[in-house]
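Trainee: The sequence shown lines up with residues 1 to 146 when you count with the working numbering.
Hint data in this document are derived by calculation from the structure and do not stem from the laboratory. Be aware that a few hints might be false.
Computed list of lysine-lysine pairs in BS3-like fashion (alpha-carbon distance at most 25 angstroms, straight line) [to be verified]: (1) K8 x K47; (2) K107 x K119; (3) K123 x K48; (4) K123 x K73; (5) K70 x K123; (6) K47 x K32; (7) K123 x K8; (8) K119 x K73; (9) K107 x K32; (10) K48 x K70; (11) K117 x K8; (12) K70 x K119; (13) K70 x K8; (14) K73 x K48; (15) K117 x K98; (16) K107 x K8; (17) K70 x K117; (18) K73 x K47; (19) K107 x K48; (20) K98 x K47; (21) K119 x K32; (22) K119 x K48; (23) K123 x K98; (24) K48 x K8; (25) K70 x K32; (26) K107 x K73; (27) K119 x K98; (28) K117 x K47; (29) K123 x K47; (30) K32 x K116; (31) K32 x K73; (32) K73 x K8; (33) K107 x K123; (34) K107 x K70; (35) K116 x K8; (36) K116 x K73.
Simulated restraints on C-beta separations [said to hold, decoys possible]: (37) E17 x M137: 26 to 34 angstroms; (38) V34 x M137: 27 to 35 angstroms; (39) K70 x L126: 19 to 27 angstroms; (40) L45 x L126: 19 to 27 angstroms.
The beta carbon of each residue, even a glycine, is placed where N, CA and C say it ideally should be.
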Amino acid sequence: MDRHLPAKVLLVDDNEEFANLLAHRLEIRGMKVVAVSCGEEAVALVKKQRFDVAIIDLSMPGIDGIETLKQIKAIRPALEVLMLAGHATVTGGIEAMKQGASDFLQKPVEIDELLKKIKAARKSRLTTLHQRTDAEMQEILIRRSW
Numbered sequence: 001m002d003r004h005l006p007a008k009v010l011l012v013d014d015n016e017e018f019a020n021l022l023a024h025r026l027e028i029r030g031m032k033v034v035a036v037s038c039g040e041e042a043v044a045l046v047k048k049q050r051f052d053v054a055i056i057d058l059s060m061p062g063i064d065g066i067e068t069l070k071q072i073k074a075i076r077p078a079l080e081v082l083m084l085a086g087h088a089t090v091t092g093g094i095e096a097m098k099q100g101a102s103d104f105l106q107k108p109v110e111i112d113e114l115l116k117k118i119k120a121a122r123k124s125r126l127t128t129l130h131q132r133t134d135a136e137m138q139e140i141l142i143r144r145s146w
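The task is simple: from the sequences and hints, build the whole structure.
Mentor: Okay, structure coming up:
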């Protein structure tokens, strides 16, 4: 995966107006964004597609943001997740981080701050994937005695 390709972002928020506006703002900055309105849709998409970063609202009907995060991380552990909350709580933030979120941001989030967080999360994901493939390559070379 090349860092020069556009970041592929999954946006999960039950407020469709907010999600569509944020998706548009990210797309005009060169990102590919898929927006869904519930955790169930997000989990189903993560099973079928690969994303660089997921941005998940903490409070949603159905499965909430924490449960969505857990299920997504079970499917794609290397996927970086940023959590958003309209009414952030310390408890919610701590739980999100325990479950594997890269960061926890309060709505309304400044677009420049969000872009920095997305870029940092993507860079972290790419580093993790490169390290994993390097380790796999070394293991193959050792087994083959090249």
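Trainee: Confirm or reject each hint.
Mentor: Hints, verified against the model:
Using a Cα cut-off of 25 angstroms, the hinted pair K8 and K47 holds, with the two alpha carbons roughly 15 angstroms apart. Under the criterion of a C-alpha separation no larger than 25 angstroms, the hint pairing K107 with K119 is consistent with the structure, at around 19 angstroms. Straight-line distance between C-alpha atoms of K123 and K48 comes to about 22 angstroms, which keeps the hinted pair within the 25 angstroms bound. Annotation: proposed proximity of K123 to K73 holds, straight-line Cα distance about 18 angstroms (limit 25 angstroms).
For a cut-off of 25 angstroms, the pair hint linking K70 to K123 stands: about 21 angstroms separates their Cα positions. Distance check on the hinted pair: K47 and K32 sit about 18 angstroms apart at the alpha-carbon level, within 25 angstroms; holds. A distance of roughly 13 angstroms separates the Cα atoms of K123 and K8; the hinted pair therefore holds under the 25 angstroms criterion. Between K119 and K73, the direct Cα distance comes to roughly 19 angstroms. Compliance with the 25 angstroms bound is thereby established for this hinted pair.
For the hint linking K107 to K32, the alpha-carbon distance of about 21 angstroms falls within 25 angstroms, and the restraint holds. With a CA separation close to 17 angstroms, the supplied pair K48 and K70 stays within the 25 angstroms bound. Between K117 and K8, the direct Cα distance comes to roughly 14 angstroms. Compliance with the 25 angstroms bound is thereby established for this hinted pair. Taken as a hint, the K70 and K119 pair is honoured in the structure, with Cα atoms around 22 angstroms apart against an allowance of 25 angstroms.
Restraint check: the Cα-Cα separation between K70 and K8 comes to about 20 angstroms, which is no more than 25 angstroms; the hinted pair holds. Taken as a hint, the K73 and K48 pair is honoured in the structure, with Cα atoms around 14 angstroms apart against an allowance of 25 angstroms. Of the supplied pair hints, the one linking K117 and K98 holds, its CA atoms being roughly 18 angstroms apart against a limit of 25 angstroms. A threshold of 25 angstroms between alpha carbons decides the hint, and for K107 with K8 the separation of about 21 angstroms falls inside it, so the pair holds.
Between K70 and K117 the CA atoms are separated by roughly 20 angstroms; this keeps the pair inside 25 angstroms, and the hint holds. Note on K73 and K47: the hinted pairing holds, with a Cα-Cα distance of about 11 angstroms set against a maximum of 25 angstroms. Restraint check: the Cα-Cα separation between K107 and K48 comes to about 29 angstroms, which exceeds 25 angstroms; the hinted pair is violated. Taking the CA atoms of K98 and K47, the gap is about 22 angstroms. The hint holds against a cut of 25 angstroms.
The hinted pair formed by K119 and K32 meets the criterion: a straight-line CA distance of about 13 angstroms does not exceed 25 angstroms. Pair hint K119 plus K48 holds up; C-alpha atoms about 23 angstroms apart against a cutoff of 25 angstroms. For the given pair, K123 sits about 20 angstroms from K98 by alpha-carbon distance, which is consistent with the 25 angstroms threshold. Of the supplied pair hints, the one linking K48 and K8 holds, its CA atoms being roughly 14 angstroms apart against a limit of 25 angstroms.
For the proposed pair K70 and K32, the alpha carbon gap of about 23 angstroms is at most 25 angstroms, so the pair holds. Proximity of K107 to K73 is assessed by CA-CA distance (about 23 angstroms); at most 25 angstroms being required, the pair is judged to hold. For the hint pairing K119 with K98, the CA-to-CA distance comes to about 21 angstroms; that is within 25 angstroms, so the pair holds. As the CA atoms of K117 and K47 are separated by approximately 24 angstroms, the hinted pair is consistent with the 25 angstroms bound.
Of the pairs offered as hints, the one joining K123 and K47 holds, with about 22 angstroms between alpha carbons and a cut-off of 25 angstroms not exceeded. Between K32 and K116, the direct Cα distance comes to roughly 16 angstroms. Compliance with the 25 angstroms bound is thereby established for this hinted pair. The straight-line distance between the Cα atoms of K32 and K73 is roughly 21 angstroms, inside the 25 angstroms bound, and the hint therefore holds. Annotation: proposed proximity of K73 to K8 holds, straight-line Cα distance about 17 angstroms (limit 25 angstroms).
Between the alpha carbons of K107 and K123 the distance comes to roughly 23 angstroms, so the proposed pair stays at or under 25 angstroms and holds. With a C-alpha separation of about 21 angstroms, the suggested pairing of K107 with K70 holds against the 25 angstroms cut-off. The straight-line distance between the Cα atoms of K116 and K8 is roughly 15 angstroms, inside the 25 angstroms bound, and the hint therefore holds. Distance check on the hinted pair: K116 and K73 sit about 22 angstroms apart at the alpha-carbon level, within 25 angstroms; holds.
At roughly 46 angstroms, the beta carbons of E17 and M137 sit outside the given window of 26 to 34 angstroms. Here the CB-CB span from V34 to M137 is close to 31 angstroms, well matched to the stated 27 to 35 angstroms. For the pair K70 and L126, the supplied restraint of 19 to 27 angstroms holds, since their beta-carbon distance comes to about 23 angstroms. For L45 and L126, the hinted distance range of 19 to 27 angstroms is satisfied, since their beta carbons lie about 21 angstroms from each other.
Hints 19 and 37 from the list above are not met by this structure, while the remaining hints are.
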